[in-house]
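Colleague: Listed below, chain by chain, are the residues.
There are 2 protein chains.
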Amino acid sequence: MHDAVRAAADLRALLGADAVLTEPEDLSKYESGWRYGKGKALLAVRPGTTAEVSKVMAYCHGRGIRVMPQGANTGLVGASNPDASGEMLVLSLERLNKRLEIDPINRTAVVDGGVLLSELNAALTEHGLMFPIDLGADPTIGGMIATNTGGTRLLKYGDVRHNLQGAEAVLADGTVVDVMNHLRKNNTGLDFKQVLVGTSGIYGVVTGAVLQVVPVPRQHATALVGCASGDAVLALLKALERELADVFTAYEAISANALNAVFKHHDTIRNPYAAQPPAYTALVELSSTLPGTALNLPEVLEERLGAFLETDEGEGITDVFMGKPEDFWAIRHHISESLRNEGKVLAFDISVPRSRMAAFTDAAVALLAQDYPFVRCCDFGHWGDGGTHLNLVWNEAESPRPTPVIVEELQSRIYELAVRGFDGSYSAEHGVGPHNQRFYDAYTPEPVKAVNRALKDQLDPKGLLGTTRLGPLA
Amino acid sequence: MHDAVRAAADLRALLGADAVLTEPEDLSKYESGWRYGKGKALLAVRPGTTAEVSKVMAYCHGRGIRVMPQGANTGLVGASNPDASGEMLVLSLERLNKRLEIDPINRTAVVDGGVLLSELNAALTEHGLMFPIDLGADPTIGGMIATNTGGTRLLKYGDVRHNLQGAEAVLADGTVVDVMNHLRKNNTGLDFKQVLVGTSGIYGVVTGAVLQVVPVPRQHATALVGCASGDAVLALLKALERELADVFTAYEAISANALNAVFKHHDTIRNPYAAQPPAYTALVELSSTLPGTALNLPEVLEERLGAFLETDEGEGITDVFMGKPEDFWAIRHHISESLRNEGKVLAFDISVPRSRMAAFTDAAVALLAQDYPFVRCCDFGHWGDGGTHLNLVWNEAESPRPTPVIVEELQSRIYELAVRGFDGSYSAEHGVGPHNQRFYDAYTPEPVKAVNRALKDQLDPKGLLGTTRLGPLA
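Line by line, the protein sequences give chains A and B.
Sequential numbering of the first sequence, starting at -11, is according to the numbering used here.
Sequential numbering of the second sequence, starting at -11, is according to the numbering used here.
The shape of chain A in the complex, shown without the other chains (with noise of 0.2 Å):
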């Protein structure tokens, strides 16, 4: 059992007063997680420099206590906030914002990582420039990394990892190491930051980054797609990639059941159909940096959805509706708070090739059908990049209730259809933690998981760092 009170002491005279909370009033924010896990904090820090995140790595090092990085705490897997031993030391990296310089000829950013996403984009825009991973939350950067956060413009942009050019980090023993590559070209052995990038910081702490950023699009067209199947949405993907691939950032599937339940809880968001939405409607954004002058992309877009539909495969597209950029997007965003309402909801984070998508939803409905009539399917996600958040309504005046037991047993064996049957991934883009580390475990070849326990002796061989486990089984 540790005693918060000397460790306290120990870092308040390591670090000042102000940077350490014992208070439980002011622990708990860091000790819940943003959809999942509830724990207990020994006690929070809050260093403001690499230097002082070190300083606290090397005495937790000395004294055996455990410790959760911790960024905004807005992760959806449960891996940044501590359990419930209350044992664990939260590092929370919210003072650690200070750096935030731009080269706009390097098109870099080099970031601390507990600068915010909407503090990097604020200070880029001045510059033309943006951040391009685009997400629902305001994460730190030093999270994104550590969760390799994907988001809704994957497609053209990539994920964290595909826009990360350096990062520095503090091991768990306090060492700090410094790989803050400015450099697009840099071949010299092994990429050691991405050791640190989709692994929940449990290798190290993510302290600082040099980012690839990229111009802001001067113009963006939008149209909703109805379509008769997922095969339709399919078809339709690959037919405007083809041709759009350079300006297309963005292509969404939102499934009937999800659109209904946004247009009965939003009075405000009209559904654009004359009657009931059909199986499928595709959101399709394109976006450039050319200027409307050299390139209409409204007109475009329409011409290229006037063509598909003129084809055999435009059979499957029951209506076309250009419009404005936010307005479709509304729908979009206002899907999972308008399913809540709907009841209890089931959430999942599922990817599978591109080229399956339709299949895997037609067998998870099936499957739902016949085993688990009471849930209802409200599937909708990213289509162009393979991912789908296959979230269940539970209707609990007919069912069952919602027990651990059965809830589990679900989970199980939908992510199991994913991943056996569709050579699919059990989470697409939230990382892990303990929410879905049963998955992690089952699913994870054995040789990678060797490695892992390779990495964590070297990095962290007293295994302070984190909750999530991505070594084998002890």
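These aren't lab readings, by the way, just hints derived from the structure by calculation.
Note that the structure is predicted; figures quoted are calculated from it, not measured.
We treat Cβ as the ideally placed atom computed from N, Cα and C, and that holds for glycine.
Check each hint, because a few of them may be wrong.
Claimed, not checked - Simulated crosslink set (BS3-like; lysine-lysine; CA at most 27 Å straight-line):
1. K26/B - K332/B
2. K43/B - K17/B
3. K332/B - K226/A
4. K43/A - K437/B
5. K450/B - K437/A
6. K437/A - K43/B
7. K252/B - K332/B
8. K28/A - K17/A
9. K312/A - K226/A
10. K437/B - K43/B
11. K450/A - K43/A
12. K437/A - K437/B
13. K450/A - K437/B
14. K43/A - K17/A
Unchecked claim - Pairwise CB distance ranges, derived in the manner of DEER restraints:
15. R389/B - E89/A: 41 to 49 Å
16. E89/A - D429/B: 28 to 36 Å
17. R23/B - D445/A: 33 to 41 Å
Knowing the structure of chain A, use the given hints to seat chain B on it.
Modeller: Positioned in the frame of chain A, the structure of chain B alone reads:
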């Protein structure tokens, strides 16, 4: 001392007679690197399937035979040919080229590690697709992964790492690791394949890959732009990128010395300038999947260049020539060979942050003028990516002979300037091998070497694979 006769007999029993080569005349092509390195092989073995690679590795592991995995042996750092000991078995992947499956909707290709880049692109063309890593050589896909090749269109498409979804590898003991991920989004902890990317085959033999592929552009536009200085090259880059990012595929800069060498040695290549070329000539390439009816690329490029000429920074531009891509790229592609016709060439593969390219090149030229006046700097490179081949032509008539001592000293001073003086790299895109091992040893942070040591101990504990050493010095 290993017994080549016994090993050959054993491997023939495992794989069939024609899989094993032992005669000196058959072995010679496997023994010399494309640019550096001449070794001697114990024998060469050419498995045709991943299972056969596994058998070979298990056999060598049991006998303690060192192995050099080899693709097309087109690498430029000597990392794919055996050392001089005569004790290394060459594991050629030239027959591991059966799998080549294209999924047009997922926009991916599944390939065996021994498939050539040219073979892949020939198959992709039928689908209007391509693998966008644009190189002078024709390597295997496995070799491209082990080297993380970049090429001339990295500005738009990224390097191999950016276009790799999954991989299959055989470890030193014969274990097959299958992470043949077909997903754009799959955030399930450590991305194991990153351990294989750019690590010269020392952690495993890359036997398969899932590659992300892209639509072939429908149109191109190119210009040659005379720039009075390196700063003018950078100012133009920034201005073009802001508006043209979506269609900006290459930005090369060629020094007057390099350009003059091409004109001197190739009568068919015309000097477009009225007199001597300016300090740099930028080759700008735009390309797009959009048809000419939607976007007139040559017009857009000409308009943008014209607009830049009207600005204050436009004063650095001396000439603008619009022309055919094949004509302008012919100039670029004849540089290396023209320089070799000028005398002994000392080649460099450097990158620095793009914003520091001009300052770095000026500093390098000043250093050379002062201490090595007998070399002529004929630099050219991918300024859009911060890469430069700072190639030096040795004037043997008026200089000391290029002895190993003076060559090594010169290399050390130029790379020191790049790495320490300008946050650059001693290997922008060629990778690490015996040719540049000493720079890896000098410039790699110790914690990164320690992680490499841990990976090697885990994946190849007997140290049998390759000659590149990424761990700490013994």
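Colleague: With reference to the structure, classify each hint as holding or not holding.
Modeller: These are the hints, each one checked on the structure:
1. K26/B - K332/B: 19 Å, holds
2. K43/B - K17/B: 24 Å, holds
3. K332/B - K226/A: 51 Å, violated
4. K43/A - K437/B: 23 Å, holds
5. K450/B - K437/A: Distance ~20 Å between K450/B and K437/A Cα, so the pair holds.
6. K437/A - K43/B: 23 Å, holds
7. K252/B - K332/B: Holds, at about 16 Å.
8. K28/A - K17/A: 10 Å, holds
9. K312/A - K226/A: At roughly 23 Å apart (the allowed maximum being 27 Å), K226/A and K312/A satisfy the hint.
10. K437/B - K43/B: Measuring from Cα to Cα gives roughly 30 Å; hence the hint is violated.
11. K450/A - K43/A: 17 Å, holds
12. K437/A - K437/B: Cα-Cα ~21 Å, so holds.
13. K450/A - K437/B: 20 Å, holds
14. K43/A - K17/A: With Cα atoms ~24 Å apart, K43/A and K17/A stay inside 27 Å; holds.
15. R389/B - E89/A: 41 to 49 Å: 46 Å, holds
16. E89/A - D429/B: 28 to 36 Å: 31 Å, holds
17. R23/B - D445/A: 33 to 41 Å: At 38 Å between Cβs, range holds.
Hints 3, 10 from the earlier list are contradicted by this structure; the remaining hints agree with it.
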